[in-house]
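Colleague: Join these two chains into a complex; the hints should help.
First to last, the sequence lines map onto chains A and B.
Letter 170 of the first sequence, counting from 1, is numbered 170 in my numbering, and no numbers are missing.
Letter 165 of the second sequence, counting from 1, is numbered 165 in my numbering, and no numbers are missing.
These are calculated hints, taken from the structure and not from any lab test.
Watch out, some of these pointers could steer you wrong.
Computed cross-link-like contacts, SDA-like style, restricted to lysine to any residue with a CA-CA straight-line distance of at most 25 Å [stated by the list, open to error]:
(1) A:K142 with B:A40
(2) A:K142 with B:S7
(3) A:K61 with B:P86
(4) A:K61 with B:R67
(5) B:K8 with A:K13
(6) B:K8 with B:C33
(7) B:K8 with A:D156
(8) B:K8 with A:G158
(9) B:K2 with A:T181
(10) B:K8 with A:E159
(11) A:K142 with B:L14
(12) A:K13 with B:Q68
(13) B:K2 with B:T56
(14) A:K61 with A:Q130
(15) B:K75 with B:F62
(16) B:K8 with B:R24
(17) A:K61 with B:T56
(18) B:K45 with A:R177
(19) A:K61 with B:D63
(20) A:K68 with B:I70
(21) A:K61 with B:A64
(22) B:K75 with A:E159
(23) B:K45 with A:Q130
(24) B:K8 with A:E141
(25) A:K13 with B:A64
(26) B:K45 with A:A59
(27) A:K61 with B:P74
(28) B:K2 with A:V184
(29) A:K61 with A:E51
(30) A:K142 with A:D165
(31) A:K68 with A:A14
(32) B:K75 with A:L54
(33) B:K45 with A:R183
(34) B:K2 with A:S173
(35) B:K75 with A:R60
(36) A:K13 with B:R87
(37) B:K8 with A:A161
(38) B:K45 with A:Q7
(39) B:K45 with A:S129
Since we're looking at a predicted model, the values are computed, not measured.
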Amino acid sequence: MTRSDVQLMLDVKAGDDESFNLLLRRYRTPLVNFLYRMVRDTATAEDLAQEVFLRVYRARKEYSPSAKFTTWMFRIATNLALNSIRDNRHKQMETSIDAPRNDEEDSAPRELPSREMRIDEHMVERDRSQFIRSAITSLPEKQRVAVLLHKYEEMDYGEIARILDCSESALKSLLFRAYETLRVQLAPLVAQPVRTSAGEGRQS
Amino acid sequence: MKCEDVSKELIAYLDRRANSAERRDVEEHLVACEPCRTRAEEFRKLWSVLDEVPVTEPSFGFDARLRQRIAAEPKPRWFAWLVPQPRLAFAMALLVALSVWMGRPRDKAAQNLSADEQFQMIEHLGVLENYDLLSKSDVLAEVPAAPAQPDQSDDQTPPDNGGGTL
Chain A
1 MTRSDVQLML
11 DVKAGDDESF
21 NLLLRRYRTP
31 LVNFLYRMVR
41 DTATAEDLAQ
51 EVFLRVYRAR
61 KEYSPSAKFT
71 TWMFRIATNL
81 ALNSIRDNRH
91 KQMETSIDAP
101 RNDEEDSAPR
111 ELPSREMRID
121 EHMVERDRSQ
131 FIRSAITSLP
141 EKQRVAVLLH
151 KYEEMDYGEI
161 ARILDCSESA
171 LKSLLFRAYE
181 TLRVQLAPLV
191 AQPVRTSAGE
201 GRQS
Chain B
1 MKCEDVSKEL
11 IAYLDRRANS
21 AERRDVEEHL
31 VACEPCRTRA
41 EEFRKLWSVL
51 DEVPVTEPSF
61 GFDARLRQRI
71 AAEPKPRWFA
81 WLVPQPRLAF
91 AMALLVALSV
101 WMGRPRDKAA
111 QNLSADEQFQ
121 MIEHLGVLEN
131 YDLLSKSDVL
141 AEVPAAPAQP
151 DQSDDQTPPD
161 NGGGTL
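Isolated chain B, as found in the complex (with noise of 0.2 Å):
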């Protein structure tokens, strides 16, 4: 053991916190090192120097003082259990105000659709309620993409569905 791996468990050492193995090892180099010896006998000295300290004990009316504050604390209000975190509470608020604007409609132009456009859409509900249709891209590919041409739509029939007809 090196000078410089004492160091790090002399302490441990001296106040007899180290295991056995570092005891040992510290005590084999100790053996060896004078000045190592000396910096242990002069921390035994030292900790009996800290001891001299005198103790500061509080003033008389720190527990008076303490318990006056105590009682200036503000008590619970009836309805903390509800709310036990403020930031949750904010984060919960926050959710629901989020929901609502979420939910809103969003383009009220958009819904009111003239009366043309709503027999069109109508027209065609029968293909696009159609599954073995939808599910045959091809085919699909047939469906007019405008339903602003009425001309077009009426000619082009489903080949494979006999309820397509609109």
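Isolated chain A, as found in the complex (with noise of 0.2 Å):
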């Protein structure tokens, strides 16, 4: 019989590393990918679900279930990502106040390409997932973790609520004003007939 998140916890708190493992194996790729998602670097995202699972093992001893493992451990996960995101933004307004400056360069505004571009010309520079992980990139902070949270960990409106600390009303807002964002930005996606699905997610 498979045993719940909070029972491992539990059974790691009173001494046993091997529900440890199956916590690790249960949730590596999960944390990996929504990590991956929020920072975009392969080795960042790594770096930080590593933290995410020792900060989880750092505290096992203080552990006491009053909330599902998942909402303790992504919001975990959504801090240390959102203060990556920010350290990494200071460091690169430090490298562009410090580099001589490119014109070019600095013309060149890191978004997606306007509407009007075709897809056919934008598929040439990128490949199509890679337009759509832009996509939520874009996205603010607290939208981009919502729909993360929402599509691919299919968590309740409840738990997304308390990760984000707000209410399930405001969340239900937030999720609805990403998902028109994206809407917008993956338009010339969303006009094809729908393709077979080849990653994962809830199918709506």
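Modeller: Now the structure itself:
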């Protein structure tokens, strides 16, 4: 019989390291994916995922099952990801101030191409999944977290609201705005006939 | 239901987490509102598009590196059970230090009374220890305020206290 996350964590608390390995096997892929979609860098995503597991392990003695294990774990992951994004932004700002000015590079904003751009032109530069990833990354941080947890982790509204520290009503508005932005950004793909799913996530 | 009201419930309707009343309200609106119906349909397609993003698997050495980091974690020390919380330990140490400081002799000079002063204090001890006398403030007012005047204090005798003569 499969033990629940809470039971596994309580066993880890009692000193059973094998239960920690089970949690690791259960959540390493979802965590790495979530963090990769947040920070868009494989090495950073893995480092952050390791840090999440390390913090879970360190906190094992004080663990009490007051909330779902995934809520706790993804809250840690979200905070780490947001801190990493902010640190990286600061570093980029420092670099851009120190670096010699290059007008050509500076004039190219780090954003998605306009809607007027033909989809085949865009696909020459990037593949389809890269285009989708870029659209997700272009969302404001809180909206991005909400979409990733809702669409790919299939969490319920209460759980996501606790992770983002907001009300369920606010979360629903947040999700609507995020999906509306993605609908506009990915309009060329949304307008095409639906392809066979190659990835993960909820089939709606 | 207006379009802006639907926007709040549309996601819950599409992912089938809305309750039956909310579903009915949204469905009624979608039947009547073409733009919202189109948007709902495009949201469904959008979710299929988002499913195309491939899964990123952790690298081969992910577990090994994590176990290495866990093994490098400092082991709990033998006295760790005694001090479960460093902040608590600090607070307790502070409390002990404060108690010692509060309990120290305040002013040694004040305690080193001269022989005369001590004698006068003992002289008035009967008055000070008499509860009946102390409970009557008007009588208490007659107690000499300054023990440094032996002539006056000798003349005053508490009116209702036979044992008060010093």
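Colleague: Hint by hint, note whether the structure agrees.
Modeller: Hint-by-hint comparison with the structure:
1. A:K142 with B:A40: 23 Å, holds
2. A:K142 with B:S7: Holds, at roughly 18 Å.
3. A:K61 with B:P86: Holds, at roughly 15 Å.
4. A:K61 with B:R67: Roughly 18 Å between the alpha carbons, so the hint for K61 (chain A) and R67 (chain B) holds.
5. B:K8 with A:K13: 41 Å, violated
6. B:K8 with B:C33: Holds, because 15 Å separates the two Cα atoms, which is no more than 25 Å.
7. B:K8 with A:D156: Since the Cα atoms of K8 (chain B) and D156 (chain A) sit roughly 16 Å apart, the hinted pair holds (cutoff 25 Å).
8. B:K8 with A:G158: The hint holds at about 15 Å.
9. B:K2 with A:T181: At roughly 21 Å apart (the allowed maximum being 25 Å), T181 (chain A) and K2 (chain B) satisfy the hint.
10. B:K8 with A:E159: 18 Å, holds
11. A:K142 with B:L14: 21 Å, holds
12. A:K13 with B:Q68: 19 Å, holds
13. B:K2 with B:T56: Violated, at about 41 Å.
14. A:K61 with A:Q130: 41 Å, violated
15. B:K75 with B:F62: 22 Å, holds
16. B:K8 with B:R24: Distance ~14 Å between K8 (chain B) and R24 (chain B) Cα, so the pair holds.
17. A:K61 with B:T56: 31 Å, violated
18. B:K45 with A:R177: 16 Å, holds
19. A:K61 with B:D63: Given that 25 Å is the threshold and the Cα spacing comes to 22 Å, the pair holds.
20. A:K68 with B:I70: 23 Å, holds
21. A:K61 with B:A64: 23 Å, holds
22. B:K75 with A:E159: 34 Å, violated
23. B:K45 with A:Q130: 18 Å, holds
24. B:K8 with A:E141: 20 Å, holds
25. A:K13 with B:A64: Holds, because 21 Å separates the two Cα atoms, which is no more than 25 Å.
26. B:K45 with A:A59: 41 Å, violated
27. A:K61 with B:P74: Holds - the C-alpha atoms of P74 (chain B) and K61 (chain A) are around 14 Å apart, at most 25 Å.
28. B:K2 with A:V184: 22 Å, holds
29. A:K61 with A:E51: 17 Å, holds
30. A:K142 with A:D165: 10 Å, holds
31. A:K68 with A:A14: 19 Å, holds
32. B:K75 with A:L54: 14 Å, holds
33. B:K45 with A:R183: 9 Å, holds
34. B:K2 with A:S173: Satisfied, since the Cα-Cα distance of roughly 15 Å is no more than 25 Å.
35. B:K75 with A:R60: 14 Å, holds
36. A:K13 with B:R87: Roughly 22 Å between the alpha carbons, so the hint for K13 (chain A) and R87 (chain B) holds.
37. B:K8 with A:A161: Holds, at roughly 15 Å.
38. B:K45 with A:Q7: With a Cα-Cα distance of about 38 Å, the restraint between K45 (chain B) and Q7 (chain A) is violated, given a limit of 25 Å.
39. B:K45 with A:S129: 15 Å, holds
Taken one by one, the earlier hints fail for this structure at numbers 5, 13, 14, 17, 22, 26 and 38, listed in ascending order.
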